Every structure is written in structure tokens, then in C-alpha cells.
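A.B. asks: Protein chains in written order, with the working numbering: chain A, 1 to 115; chain B, 1001 to 1112.
Do not take every clue at face value.
What the hints assert, rightly or not - Distance condition first, Cα-Cα at most 20 Å in a straight line; then the derived EDC-like pairs of lysine to aspartate or glutamate:
| id | chain 1 | residue 1 | chain 2 | residue 2 |
| --- | --- | --- | --- | --- |
| 1 | A | K78 | A | D18 |
| 2 | B | K1052 | B | D1084 |
| 3 | B | K1068 | B | D1084 |
| 4 | A | K78 | A | E52 |
| 5 | A | K57 | B | D1002 |
| 6 | A | K11 | B | E1042 |
I should point out that these hints are in silico values taken from the structure, not numbers from a laboratory. No experiment lies behind these values; they were computed from the predicted model shown.
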Amino acid sequence: GAGVSQSPRYKVAKRGQDVALRCDPISGHVSLFWYQQALGQGPEFLTYFQNEAQLDKSGLPSDRFFAERPEGSVSTLKIQRTQQEDSAVYLCASSLITENNSPLHFGNGTRLTVT
Amino acid sequence: GDSVTQMEGPVTLSEEAFLTINCTYTATGYPSLFWYVQYPGEGLQLLLKATKADDKGSNKGFEATYRKETTSFHLEKGSVQVSDSAVYFCALLNTNAGKSTFGDGTTLTVKP
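Okay, chain A solo, but in the shape it has when bound (with noise of 0.2 Å):
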């Protein structure tokens, strides 16, 4: 596709129930990266890979959030047990190397809800 594609849209996920997000990067791209975005905040970074290796996943709030990118193309970001705190928009990005002047591409994101 043309760009980086997130399903679903929105969410809605009640306490204490698994959910998985899905991202499909641009061709070719080697790092993607997934944002949690609060309201009225700026992203902040959760974790990223380069192919299918994660190289770093310190952002991942908790060990309740699984991410993985298996062939290196689409990726999963898995949260289990979901709290009211997980609550934000989740954004996808991808780009075509992390050197400096690859800028990140980004998904139209997620919105989770848990009530």
C-alpha cells in the first residue's frame, strides 16, 4: 500500500480482556516502531524493530504488552489483561533505516478504550 496501513480504527475493549493491534508498514521499510499517544501528549515510544528483530522494547509500560514483527513485514502489538490505564491512541510508524535523516511514517494509529 501507500502507506502505513493500522487496524482496527477503534477499539473497545472492557477490563481484564486481550487485545491485538495490527500494523502494516510501507514496503521495504526496514525499522517500524510503535508510539502510545495520551491525550493532549505527544507519542511516547513503546518499542521497535529493525526486520523482525526487536531491538528495543524499554518503552513497553508492562509485561501485559507483547509486540512482534515474525517475516519482518506486518507487526502485532498485543496488550492481555487491558487496565483503564491503557487506554490511548496507539501509533505505528515505519522508516527505512533508523539513521538520521530517515523521518518516521506514520499509521493514522489505534484508539483503544477500556471501560
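Following the hints, position chain B against chain A.
C.D. replies: Then chain B, alone, in the frame of chain A:
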């Protein structure tokens, strides 16, 4: 760790007014600096970038200069339009860490 501080908003201007949105950063090494823009209902997209000190990024009439001595990357536009109404995010890319750090965003509303 790395951090980015943007001037607080919201900012409301009349069409054709001059715009400045301040951005300062703290980082190890030599980061690249970016401004991203989010128009209503859309995802974040790159507005401009600068990869080394004294570089000037420019796009769509917007400009920002990478000032290492003041650790700043202020966004400017000489004459804003209604269509510039959006949220603007300043960000840095630390290539050692491989990840970008964002400010909290500044909401700009331009009135006709």
C-alpha cells in the same frame, strides 16, 4: 535521557500573521531534529527536518534552524493560512538509541 520541550498551546492567530512555535531539546550525541504535523482526522506526517547544526529545514513556507548552541529548533512561518490549523510536534532522532522522542505538541488555530 532525551527530551523535547515545546511551547504550550493552544495558539490562535489571524490569517497572514507570523508564527513561531518554540522547541528546545536535551540529547546525548548529535540528534537529527524534525517537525511533524497532524491535520484534523489525519496521522502525523513529516513537515521538515535538519540533520546537523546550522542546517535549515523548510517546507510549505515553514522553516526551522538547528541551533546547537541553544539546543533549539523553533518553527516559523511568515504568513499563516487557515489550512495550517493543526497540531505541530517537535521531535529528535537519536541514532545511537534508534528511536525518536517527541514533544507534547502545540495546537495551532488560524482564523480567517
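A.B. asks: Each hint should be assessed against the structure and marked as holding or not.
C.D. replies: Here's how the hints hold up against the structure:
1. K78(A) with D18(A): Since the Cα atoms of K78(A) and D18(A) sit roughly 7 Å apart, the hinted pair holds (cutoff 20 Å).
2. K1052(B) with D1084(B): With Cα atoms ~26 Å apart, K1052(B) and D1084(B) exceed 20 Å; violated.
3. K1068(B) with D1084(B): violated (27 Å)
4. K78(A) with E52(A): Holds, because 16 Å separates the two Cα atoms, which is no more than 20 Å.
5. K57(A) with D1002(B): Since the Cα atoms of K57(A) and D1002(B) sit roughly 16 Å apart, the hinted pair holds (cutoff 20 Å).
6. K11(A) with E1042(B): holds (18 Å)
Hint compliance for this structure: hints 2 and 3 are broken, all remaining hints hold.
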